Amino acid sequence: MLKQTGRLALAAAVGFGLMTGAGAAKAETPKSGGILNFVVGSNIPSFDGHQETTFGMIHPIRPFYSLLIRVNPQNPSDPTDFECDLCEGAVPTPTNDGKTYTFKLRKGVKFHDGTPLTSADIKATMDKIIFPPEGVPSARKAFFRAVTSVDTPDDHTVVFNLKFPTASFIPALATPFNFVYAKKDLDEHGYEWHKSNVNGTGPFTFVQSQPGAFVEGKKYAGYHFEGRPYLDGFKAIAAPKMAVRLQAIRGDRAAIEFRGFPPKARDDLVKALGDKITVQESDWNCVLLATPNQQRESMADKRVRQALTLGVDRWGGSKYLSQIAIVKTVGGVMFPSHPLAATKEELVKLKGYGEDIEAARAEAKKLLADAGQSDLKVDFSNRGVDQPYKVVGTWLVDQWRKIGVDTAQRVQPSGPFYDTLRKKKDFDVSADFNCQSVINPIADMTKFLGSAGNNYANFEDPKLEAIYAKIEQEGDAAKLRELVREYETRALSEEASGIITLWWYKINPYRSYVKGWKIAPSHYLAQHLDQIWLDK
Amino acid sequence: MSKYILKRIALMIPTLIGAGILVFFLMRLIPGDVCELRFAGTGLYVDQEQIDVCRTQLGIDRPIFIQFADFMIGFFTFDFGESMWTGNPIIEEVGLRFELSLQVAIMATIVAIIIAIPLGAISAIYQDTWLDYAVRTFSIAGIAIPSFWFGIMIILGLLIFTNWMTGVPWMPPIEYRPIWVDPVHNISQLIWPAVATGYRYSAVATRMTRSALLEVLREDYIRTARAKGLVEKIVINRHALKNAMLPVVTIIGIEFAFLMGGLVVTEQVFNLNGLGKLFVESVNNHDYAMTQALVMLVVLIFVVTNFVIDLCYAWLDPRIRYS
Chain V
-14 MLKQTGRLAL
-4 AAAVGFGLMT
6 GAGAAKAETP
16 KSGGILNFVV
26 GSNIPSFDGH
36 QETTFGMIHP
46 IRPFYSLLIR
56 VNPQNPSDPT
66 DFECDLCEGA
76 VPTPTNDGKT
86 YTFKLRKGVK
96 FHDGTPLTSA
106 DIKATMDKII
116 FPPEGVPSAR
126 KAFFRAVTSV
136 DTPDDHTVVF
146 NLKFPTASFI
156 PALATPFNFV
166 YAKKDLDEHG
176 YEWHKSNVNG
186 TGPFTFVQSQ
196 PGAFVEGKKY
206 AGYHFEGRPY
216 LDGFKAIAAP
226 KMAVRLQAIR
236 GDRAAIEFRG
246 FPPKARDDLV
256 KALGDKITVQ
266 ESDWNCVLLA
276 TPNQQRESMA
286 DKRVRQALTL
296 GVDRWGGSKY
306 LSQIAIVKTV
316 GGVMFPSHPL
326 AATKEELVKL
336 KGYGEDIEAA
346 RAEAKKLLAD
356 AGQSDLKVDF
366 SNRGVDQPYK
376 VVGTWLVDQW
386 RKIGVDTAQR
396 VQPSGPFYDT
406 LRKKKDFDVS
416 ADFNCQSVIN
426 PIADMTKFLG
436 SAGNNYANFE
446 DPKLEAIYAK
456 IEQEGDAAKL
466 RELVREYETR
476 ALSEEASGII
486 TLWWYKINPY
496 RSYVKGWKIA
506 PSHYLAQHLD
516 QIWLDK
Chain S
5 MSKYILKRIA
15 LMIPTLIGAG
25 ILVFFLMRLI
35 PGDVCELRFA
45 GTGLYVDQEQ
55 IDVCRTQLGI
65 DRPIFIQFAD
75 FMIGFFTFDF
85 GESMWTGNPI
95 IEEVGLRFEL
105 SLQVAIMATI
115 VAIIIAIPLG
125 AISAIYQDTW
135 LDYAVRTFSI
145 AGIAIPSFWF
155 GIMIILGLLI
165 FTNWMTGVPW
175 MPPIEYRPIW
185 VDPVHNISQL
195 IWPAVATGYR
205 YSAVATRMTR
215 SALLEVLRED
225 YIRTARAKGL
235 VEKIVINRHA
245 LKNAMLPVVT
255 IIGIEFAFLM
265 GGLVVTEQVF
275 NLNGLGKLFV
285 ESVNNHDYAM
295 TQALVMLVVL
305 IFVVTNFVID
315 LCYAWLDPRI
325 RYS
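Protein chains in written order, with our numbering: chain V, -14 to 521; chain S, 5 to 327.
Excised from the complex, chain S in its bound form:
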């Protein structure tokens, strides 16, 4: 098992270097730069000399390979420098958003698991009954409805409903407070995006649970378990569901990693100051340093998540770890 873990860790390094090369050079292909945007982006008359001073100050007029070397050294020493747009340390800027994004991702995952596994199992066990059809309709709707649209509907629904009930329209808070500072404020802000994204997330996981469980329920060892007189609850929970979880764990892991940096539109709808919003802003502002750091962070999250998924595989399926 330890050899397996070491092999997986060794594979992470070239993945990260490859991602670093891609993000660094792709960012430079986008026309324009942060100084031009900062000085000329509001239509102001400004001397070209001032734009050049800004470029020198930020180091973006240096030879590209020197900039690349700086970036890679910075990455492997965890020194990402400062945001070109705000001047704040990148670690500080990302740290703030990471906390929020992580909480939303965890809450959405909990929502998704609570919905997906029971519904997927019910759908498989009661295949082709009205229950199955109802669950499938619910899950297809979840896949079809964009979570940002669902988010907008949630906010509008809250405004209209509370206005109708109390005469005063209420909407979720638009600025974040950590859960240990103000738990009520925190939950009343984050529960709605968690539900909006968790629903879509659960829809995918529900369908995966259903199909995986249906496949497992047709296996010989399930027939054997039933033949030896085990009660159905044990057959499902101990023998079928655990083995059906392999693809579901993969889906949950990949979706979780996606939620960490991919909630671009949902974060804007709920005005969440998360990693997705920061991503969009830094690309729009041509903040190379920030974008590079964020891409590397997301790649790292994906790589680590995949690593954890692989470990789960090994735990769930002995054939993997013994091979």
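Here chain V stands alone, though its shape is the one from the complex:
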């Protein structure tokens, strides 16, 4: 009885937290002052946003920089809501048949060292990202394949010229890694300077950092959003171990962790601290996949791949697995909350998405028998990270056991895991994921193409490529939606070249005195901290 009462109280507390998390920021007037301490669940690599790909860099460094445009921090859940950061007014619509974007820059913006921002800085930054000089790596060069040039007709105008119109340009531009650097710094110090030095136009100026330990920033008085930031400063403390991050929030050494905790951690915090903890939750723009390697004889047969997807009880997993892991939402190739994503009625038509799991498993067994693979043994390569890889991996082993597949899970640290995935390719099925920052549906869905650089299924499917080519060119929303369904059916059902398990689910429990922060569908977004204030 007592246990049940405790659970009810916990559920009530979580519910309270969720409600306050959603509503409190709207109702209250921001207060200025205070230092925000937060923990970062990763070691902090170099400070160069153009080279790095991890949230371990974004969380501590993003507050020092601005972007040309950004996801609206007041509405980060909306995958189509962007606002100007360094540009002025509304985000521009394209001209020249969708091939030219002209941005007017804010006037009076200065870098932290006092250098005025001009269009030359934007051009130097974007050229470094899109057209890096020889010997300079750029992690997001591939995002801007459509861009032919960046022009600066005057000091406060920037023009992007595209080869073809594409809906993926604006989301790519809003990617939080596209820090705007001063041309002067690039010219004087070279392209490596930003790896360990900071000079941006963001809401906070760099105070100090201790490699592997923390990064500290203080309020920038000249910030271009008037009245912000509200905080006097912040300290980002690296704490790779989850137990430390959890205890840090419990012991108030840190107020928040922006990446997210598993459900049990949320429950523990709420149980220990009650209404001193607020919880926000959201679908997460990360999807966990099981990728069948079509270079392997067994996986070259689409009946085997279909059997594997049919054997996975996604709806059951969503219900039970979500209690212990950071996965929850059943979805197709599109981020589940996006207008182009499949509805439940559309999803259940795909193989492996039906609600009658027994019927699906019977069909899976029949397909395996037809393929002569009734005693199929699968070497499943997985990444040595608990959440969600190992938890979901273990669940998959059990799911496939139910259709008679004997799965051996091979767990390796990230380095050897990627070597297996990308170079050795000696796996039958591998855990894989697609985890992006800004929701850029047309770009994100390339993950399922055999030709994509981050697809590791080792196959060619000209039909799927042809559907994607039409998607890229399609301007009509209804037709686009139809094409996306066609693409999804081809990739996940007819060919089963990719097997989606579940989409991730983001859970952020944090100290209730942190206000103004709204959960985004990605742990990379809305991390500039200019909207956050403390109610202490």
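Treat the hints with care, since some could be wrong.
[To be verified] Mimicking SDA-like on lysine to any residue, the simulated pairs with C-alpha atoms at most 25 Å apart in a straight line are:
(1) K375/V to M227/V
(2) K375/V to W153/S
(3) K256/V to P67/S
[What the hints assert, rightly or not] Stretches of chain V that chain S covers, calculated by requiring three or more beta carbons in the stretch to come under 8 Å of a beta carbon on chain S:
(4) 191 to 201
(5) 235 to 243
(6) 280 to 287
(7) 402 to 416
Worth flagging that the hints you see were computed from the coordinates, not collected in a lab. Values in this document were obtained by computation on a predicted structure and should not be read as measured data. A virtual CB, placed ideally from N, CA and C, is assigned to each residue, including glycine.
Using the hints, position chain S against chain V.
Okay, now just chain S, sitting in the frame of chain V:
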């Protein structure tokens, strides 16, 4: 004695070269590299060309023997280069952590010595009494309990106890400040890992002190000392304990060297930015330059510690230096 010291120093050089060869080639056996991890490790779509540019930039696409020569020259000229992961100079990165690890190692050693030598001596002197049993139980528990688990229990205990006492849960600080900058913050952070590791460390040393002292107490010269009427305190302190310290010094020295780079899990539990944590991170990140430098540093610490132990032997036991 000086000949003995020179001989021991000369032996260090081949040890270091051997360790260098091992670490360099073993690191290259681990599949994957830092560029692949940096660019593809978050699932991002990235051109292979960009990964190759990164490899060229870091020099890991050069012939392996050229890389090895660079590394060895760097080691003997104390130029370890830059971390492949952060881009910071390795000397700077290691220096930061060395300070913290050294302080924890010293504090844990002090905790261990304060506990181990008196308890070990009491246990030996009062052999087979309840005191002896109590000390042995305490020390066996210290060996059996992993220090990281003890660390977790300490943090949880502090959170629960302070919440119960004051209504506000308290845990040790999670970011380091040097002792000369903020002594209260520093001690309140480092005392707990020092106790957690010092307890295990003391358990080993207590048992060693006990057995060594028991052996010495049965020697003829101890019987002679008692027979000539010396008080028991002098017999124990001057004649028995000093001679029983040889194996204890060895244990303390080896444990101290281990603490400098081996507190991998304990450092993570207390979020200490020490050498152990850096070690794990650099291996995980395939940061060859950093891992190589750290291994060489730890080998150097072990070699120097062993050298100091040998000098202590010579000081404690004249037979060694005269031979």
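To see whether the hints hold, each was checked on the structure:
A distance of roughly 15 Å separates the Cα atoms of K375/V and M227/V; the hinted pair therefore holds under the 25 Å criterion. The hinted pair formed by K375/V and W153/S meets the criterion: a straight-line CA distance of about 22 Å does not exceed 25 Å. Using a Cα cut-off of 25 Å, the hinted pair K256/V and P67/S is violated, with the two alpha carbons roughly 57 Å apart. Coverage of the segment 191 to 201 of chain V by chain S holds [criterion: at least 3 residues with CB-CB distance below 8 Å; count 5].
Only residues whose beta carbon comes within less than 8 Å of a beta carbon in chain S count, and the segment 235 to 243 of chain V has 5; three or more means the coverage holds. Counting residues of the segment 280 to 287 of chain V whose C-beta lies closer than 8 Å to any C-beta of chain S gives 0; at least three are required, and the coverage claim is violated. By the rule of at least three residues with a Cβ nearer than 8 Å to a Cβ of chain S, the coverage given for the segment 402 to 416 of chain V holds, with 7 such residues.
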